[in-house]
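S.K.: Protein chains in written order, with the working numbering: chain A, 1 to 75; chain B, 1001 to 1222.
In case anyone wonders, no lab produced these hints; they're calculated from the structure.
Here the structure is a predicted model, which means the values were calculated and not measured.
Subject to a maximum C-alpha distance of 16 angstroms in a straight line, what follows is the list of computed EDC-like cross-link-like pairs (lysine to aspartate or glutamate): (1) B:Lys1145 - B:Glu1135; (2) A:Lys37 - A:Asp9; (3) A:Lys65 - B:Glu1127; (4) A:Lys65 - A:Glu54; (5) B:Lys1153 - B:Asp1206; (6) B:Lys1153 - B:Glu1209; (7) B:Lys1153 - A:Glu54; (8) A:Lys15 - B:Glu1127; (9) A:Lys39 - A:Asp9.
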Amino acid sequence: MTCEMAVMDQTGDTKYVWDPSRPAEVEAARATFDSLKAKGYLAFRSLPGGDRGEAMAAFDPNAGKVILVPPLVGG
Amino acid sequence: MPQFTITTSEGTTATAWASWTTTSTASTTATWDDGTAAWTTWVTTRGTSAATTDVVETTWIAWVEGADGTRRVVARSASAPAYRAPEPTPEEKAEREKARREREEREKAERAEREERERAADARAEELLLAHLDEAQKAEYARDKSFTVRCRKGRRYRVHRAWGGHVVRLPEPDRPGARLCIHPRALVPLPDNQLMAKLLLEADPDLLEKTANHTPLPAGVN
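Whole structure, please, built from the sequences with the hints as guidance.
M.R.: Following this line, the structure appears as structure tokens:
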């Protein structure tokens, strides 16, 4: 199984993938996740098909699909 | 004799340069192109008499076109001819035209490249958004690129395809509607902005309401 993290950016998004059974890939994905969260990104577990999204406070190696949104401001 | 007039700060008009001397001590003359004499020297220090100066210097040696474009003051000293910018040679003209064409082509190519990148980003973001809409939301989006989200507390929001003010809290019997302006600090394609709003409304609508700037909606507006 491959898990995927889509980080929103000006290209649309940049995807980071990892295999939960491979520790090195999991750690790399975790490091990216933690680094972006520290910068204020919001993380959501992606549930395709219109199901409700869930906020993620911490990295879950078995999350399936994750979407990270850049820090938000009121416009 | 032709004259320039100036309008003062009080709104009155006065003839300019009425006191300039028309003769020079340095054998330099200045004339309008109709032959009448004009000023030739520019006083640089204050003298005791209007016609006597401590130091004079020759004025500009050419004044290319007057304010109305019909007059030209040309002053020539005995040794220096009037300055005229040289006409470019045919080779120089061709070189400039070639540089201009190359610059235009380069800018056109850069613009096309940028637009293509933006189109690709928009398409990619829209694919991600559509993967997270249910069938009813997809149908709404197909109509006008917006969709409705119902959050856990039951409030309904309309999410439009825009950057600022793209989230509208729909009116309720006990609460007026409002336009909410919230977006990422970093620029992302508009469909990403819409997906962000959907995810946040579903996960934490209070955070969205707290972060956004609110503009009350007039009654009857959705």
